[in-house]
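**Q** Sequence:
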Amino acid sequence: MAAQQQDGGGAAQLAGPAAEADPLGRFTCPVCLEVYEKPVQVPCGHVFCSACLQECLKPKKPVCGVCRSALAPGVRAMELERQIESTETSCHGCRKNFFLSKIRSHVATCSKYQNYIMEGVKATIKDASLQPRNVPNRYTFPCPYCPEKNFDQEGLVEHCKLFHSTDTKSVVRSVLAVLSHVPELPLHIKRETYDSCTLPVQQT
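Per this note's numbering, numbering of the sequence shown is gapless, rising by one per residue and ending at 221.
Be aware that a few hints might be false.
To be verified - Keeping only pairs whose Cα atoms sit at most 20 Å apart, straight-line, the calculated EDC-like set for lysine to aspartate or glutamate is:
1) LYS129 x GLU102
2) LYS55 x GLU98
3) LYS119 x GLU72
4) LYS55 x GLU102
5) LYS55 x GLU96
6) LYS113 x GLU51
7) LYS119 x GLU105
8) LYS75 x GLU96
9) LYS75 x GLU54
10) LYS119 x ASP144
Claimed, not checked - Quick list of simulated restraints, FRET-style, between CB atoms:
11) GLU51 x VAL92: 13 to 23 Å
12) PRO164 x LEU74: 46 to 56 Å
13) SER86 x GLY172: 15 to 25 Å
14) SER103 x LYS77: 31 to 41 Å
15) LYS166 x GLU105: 49 to 59 Å
16) LYS166 x CYS108: 45 to 55 Å
17) PRO60 x THR141: 48 to 58 Å
18) ARG112 x CYS84: 35 to 45 Å
FYI, nobody ran anything at the bench for these hints, they're computed from the structure. No experiment lies behind these values; they were computed from the predicted model shown. Yeah, the Cβ is synthetic: ideal placement off N, Cα and C, and Gly gets one too.
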């Protein structure tokens, strides 16, 4: 079974630079990240497994998960499907060769492949533990009273209570004003912050 990775017309163009980094990337669904099952090409040119596409079409205004253009039912990518039937790869676990059309079902039951995945997970966790921990919080805020900055939500409230409880400006209003500049911060977090600012509101 010789590996046959021929260009498949439009299907081969879909992966772009990703295909150079990962030669099997053009056979990988961008939704489930597995080898395509019944690949379907949508009007924008991207390809999905038939079942994955059905899930993506469920919202009222579906969009392509790759380019965010309007999503519509597509056509079966027959040439790509033929390539999947004829292209060979090896299992990363047991090293046996399989056609791409069979590799998906094989890795689901290959114990050596499961071990290979677990080793990768362990290596990733170990690598992450060696990374510096002083990464700033995703949501950091400056103090509305003084030059101090990079407080997380709780830290900002505590700082204001501790150092600015006698300021003429309302702590509650000032802290909430800072948080209001983060529209994606969930409303319940803002409410909890309001509840935790127990200082009396002072008139300015």
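**Q** Indicate, hint by hint, whether the structure satisfies it.
**A** Outcome of the hint check:
Taking the CA atoms of LYS129 and GLU102, the gap is near 24 Å; set against the 20 Å cutoff, the hint is violated. Restraint check: the Cα-Cα separation between LYS55 and GLU98 comes to about 7 Å, which is no more than 20 Å; the hinted pair holds. As the CA atoms of LYS119 and GLU72 are separated by approximately 23 Å, the hinted pair breaks the 20 Å bound. The straight-line distance between the Cα atoms of LYS55 and GLU102 is roughly 11 Å, inside the 20 Å bound, and the hint therefore holds.
Annotation: proposed proximity of LYS55 to GLU96 holds, straight-line Cα distance about 11 Å (limit 20 Å). About 18 Å separates the Cα atoms of LYS113 and GLU51, which keeps this hinted pair within 20 Å; it holds. For the hint pairing LYS119 with GLU105, the CA-to-CA distance comes to about 9 Å; that is within 20 Å, so the pair holds. At most 20 Å may separate the alpha-carbon atoms for a hinted pair to count; LYS75 and GLU96 exceed this at roughly 27 Å.
Restraint check for LYS75 and GLU54: the C-alpha separation of about 19 Å stays at or below 20 Å, so the hint holds. Proximity of LYS119 to ASP144 is assessed by CA-CA distance (about 33 Å); at most 20 Å being required, the pair is judged violated. About 21 Å separates the C-beta atoms of GLU51 and VAL92, a value consistent with the hinted range of 13 to 23 Å. The beta-carbon spacing between PRO164 and LEU74, approximately 52 Å, falls within the hinted interval of 46 to 56 Å.
A hinted range of 15 to 25 Å for the beta carbons of SER86 and GLY172 is inconsistent with their spacing of about 42 Å. Distance hint check for SER103 and LYS77: the Cβ-Cβ separation is about 39 Å, which falls inside the suggested range of 31 to 41 Å. Separated by about 57 Å at the C-beta atoms, LYS166 and GLU105 satisfy the suggested range of 49 to 59 Å. Look at LYS166 against CYS108: about 51 Å separates their beta carbons, and that is inside 45 to 55 Å.
At roughly 37 Å, the beta-carbon separation of PRO60 and THR141 lies outside the given 48 to 58 Å, and the hint is violated. At roughly 36 Å, the beta-carbon separation of ARG112 and CYS84 lies within the given 35 to 45 Å, and the hint holds.
Comparing the model with each numbered hint stated earlier shows that hints 1, 3, 8, 10, 13, 17 do not hold.
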